[in-house]
Structure formats: C-alpha cells, structure tokens
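Numbering (the numbering used here), first residue to last: 37 to 392.
Just so you know, these hints were derived from the structure itself, not from any lab. There could be a bad hint or two in this list.
What the hints assert, rightly or not - Quick list of the computed label-pair ranges, beta carbon to beta carbon:
id: 1; residue 1: E138; residue 2: D200; range: 33 to 41 Å
id: 2; residue 1: D80; residue 2: E211; range: 26 to 34 Å
id: 3; residue 1: L271; residue 2: A201; range: 20 to 28 Å
id: 4; residue 1: T137; residue 2: P98; range: 18 to 26 Å
id: 5; residue 1: E276; residue 2: R136; range: 43 to 51 Å
id: 6; residue 1: E235; residue 2: A320; range: 24 to 32 Å
id: 7; residue 1: R104; residue 2: E242; range: 40 to 48 Å
id: 8; residue 1: T371; residue 2: R76; range: 27 to 35 Å
id: 9; residue 1: S372; residue 2: Q246; range: 32 to 40 Å
id: 10; residue 1: D275; residue 2: L99; range: 49 to 57 Å
id: 11; residue 1: R245; residue 2: D359; range: 33 to 41 Å
id: 12; residue 1: R215; residue 2: R346; range: 49 to 57 Å
id: 13; residue 1: R346; residue 2: F93; range: 46 to 54 Å
id: 14; residue 1: R85; residue 2: S372; range: 38 to 46 Å
Don't be surprised by glycine CBs; every beta carbon is placed ideally from N, CA and C.
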Amino acid sequence: MNPVTAGTVHFDTEILLVILVAGLLLWKRVDWLLFRLASRCCYDWGAFRATRALVGFLEKLPLADWMRSSLWRMELYALSALGETEAAVTGARRLAVHARTEGCSPCATCVVNLFINAGLYLEALDIERGWQGPSEPKTPHAEQEWALVRFNLVEAVYNLGGWDAAHARLNALEEVARRYPFLWNFFPVQRAWILAHTERGAEAWEALRQVEWRSVPRQYRSEVCFTRAAVLLALRRYDEAQQEAVAGLKLARRASSTRNGLFLLGRIAHAAGRREEALRLFEAGARHLYKGQGGDGLLAWGDCLAGLGRHDEAHEAWRLVLDRDKQSGAAWEATSRLARTALRQNDVPGKRGEIG
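Start from the sequences, fold in the hints, and give me the full structure.
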C-alpha cells in the first residue's frame, strides 16, 4: 500500500467515525424532541392518538428509565382519554405497584386519575392510605406532585357521595395549592363544582371569577365550561347553562368529557322542563363509547323517565348506575329508588300477602 492509498483509507475512516458520532448525537436530539412532542400532545394539546403513535415508536428505542416511566404514563392517559377504559385500568393497577415501590408521585397522580375516570374511587383513595408521599418530599417537584395527588382525590371523595368531606379536604389543601400556579388555577374550579352541587350557587359563581382561562391547558378547558354550566344550573339560569355546556362540548378532547357534557346538557334540559329533549341527550350519553363513571347522569335519566310515567325504562336506567358506577353516591341513590319502587309495587291490593 503506497502512502497515498494509506492516507486515503485513514481519512475515510475518520470521516466515517465523525459521521457516526454526529449521527448518534443528532439521533439523541431527535429522540428528545419526539419525547417532548409526545408530552405536548398528551398533556397540552389533547392529541391522544398522536400520543399513542409517538409512544409506540419511542418505546422501541434505548431510553433512560425515567423516560420509559413517563411514556408509560402518557400511554395510559391516552388510553383512558380515548375511551379504552379496561386497558387503562389494567395498566393503572401495574403502575400503582410501581408508584408505591418507587415512591413515584407522578405515577401516583396518573393512577389516581385513571381509577377515578373508571369509577374506581375506593382504589384511588387506596393510593393515599399507607403511603406518606414521595421518596424525596423536600424537592419542590415531588411536593407539587404529592399535592396534586391529594387534590385529585377530592374528586374521588365527592363521587362517593361525600360532598361535605370533599369540601373539607379541599380547604385543607388551600395553603399548599397557593404555591403552585397550575394547581392554584384549578382550585376554584374544584371548589365551584362542590358548591354548585351543595346548593351554594352564588358562592360557586364567585369562586369561578378567580380562574385564569389562558392558563388552563386545552384538554381541560371543557371542564371549566362544564363547571360554569353546573353553577348556572344551580342558579336556575338554564339558557346560560346550556350555552356553557355546548361550549364545553366543542372544546372536549377526551371521550369522558364528551359523554359528561351530554349528560350535563340532559340535566339542564330536564331542570328547564324540556323532558323530551332531555331524554335524547341522556340516551346519547348512555350510548356513548365511554362507560366509566356517569352515575349522576344515568340517575337523572331514570328520574326523567319516571317523571314521564315510563317506569320500566326508569328502572333499567337506575340499574345501569349500579353496573357502570357502582361505587358512586349515585349508586346509593339508584338502589334507594329501586327499593322504594319495589315496595310500592308489592304494597298494592291483592299482593300484600305475597311479601315475606
């Protein structure tokens, strides 16, 4: 090999090494950019199908453990948001074990949300029992995540029917919530929702004045509209309540939000005396692909049917509450309605001797 050839080979090898290193560095950058894009799709934009596609691609790459954990949460959020509740809950049960073992507050937050969205309120509250928080509670991020876990559990409590207990729990979190802008902006929304459902509509409306709309992530803006609608419903301002609920439906990005919006519109129409319209909305909500939670809407559907004298159909609607939202306070109400109806049916002339 002459010196010219040797120098050429040496040069080509160096070029190849530079290209290889540059490619690896560039790929690392692309890897990170795709991860950030998946995060934005999931948490900011509510683009859940895109989230799943990106997560599926990224999972095939060599990633750090913390990135894999984050991708796991994104995938489960996306599954739940798209209405694939069973798959989301299966994953949430596995993630709950990881959250407890590792003291991972972001994973605990995810699990709590997934369980609540599936109507598993007791399972959500179990995350808090026996676990005092993150493994490094003194770090600001860990403290914020643990505050978010406790904040979200307020929803589990009121869905179980404990509105006063939920209000007390929320008030206990007020000071810690003030430290974190994201959490503090949602604090009045949660408070207003509770107040609206405990006949304190004027206080609820005042609480909503504190919400900074521009700071609300897109996927949650529908929930703010629905809260306004619930408050206006409590104030018997039905036309305005309907407008807010319709606005919320237009903004909805999660399957659960769309279904909840239909039920809320049904409750508004029912309260306004438009029962046939209410029935159409309740039926649309009941048929929606998202089947988790929804006990209040199904209960109201049964009440609407009963008011129209369609008692057999009302019973079926109330039984659906027990099937789909069995842990909820609405399930207790449905059980009570079914029991009272059964007693009335048995306590008629010619049937009293059959009892017992």
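Structure-based check of all given hints:
no.: 1; hint: E138 / D200: 33 to 41 Å; verdict: 35 Å, holds
no.: 2; hint: D80 / E211: 26 to 34 Å; verdict: 28 Å, holds
no.: 3; hint: L271 / A201: 20 to 28 Å; verdict: 24 Å, holds
no.: 4; hint: T137 / P98: 18 to 26 Å; verdict: 23 Å, holds
no.: 5; hint: E276 / R136: 43 to 51 Å; verdict: 45 Å, holds
no.: 6; hint: E235 / A320: 24 to 32 Å; verdict: 28 Å, holds
no.: 7; hint: R104 / E242: 40 to 48 Å; verdict: 45 Å, holds
no.: 8; hint: T371 / R76: 27 to 35 Å; verdict: 44 Å, violated
no.: 9; hint: S372 / Q246: 32 to 40 Å; verdict: 36 Å, holds
no.: 10; hint: D275 / L99: 49 to 57 Å; verdict: 52 Å, holds
no.: 11; hint: R245 / D359: 33 to 41 Å; verdict: 39 Å, holds
no.: 12; hint: R215 / R346: 49 to 57 Å; verdict: 52 Å, holds
no.: 13; hint: R346 / F93: 46 to 54 Å; verdict: 51 Å, holds
no.: 14; hint: R85 / S372: 38 to 46 Å; verdict: 41 Å, holds
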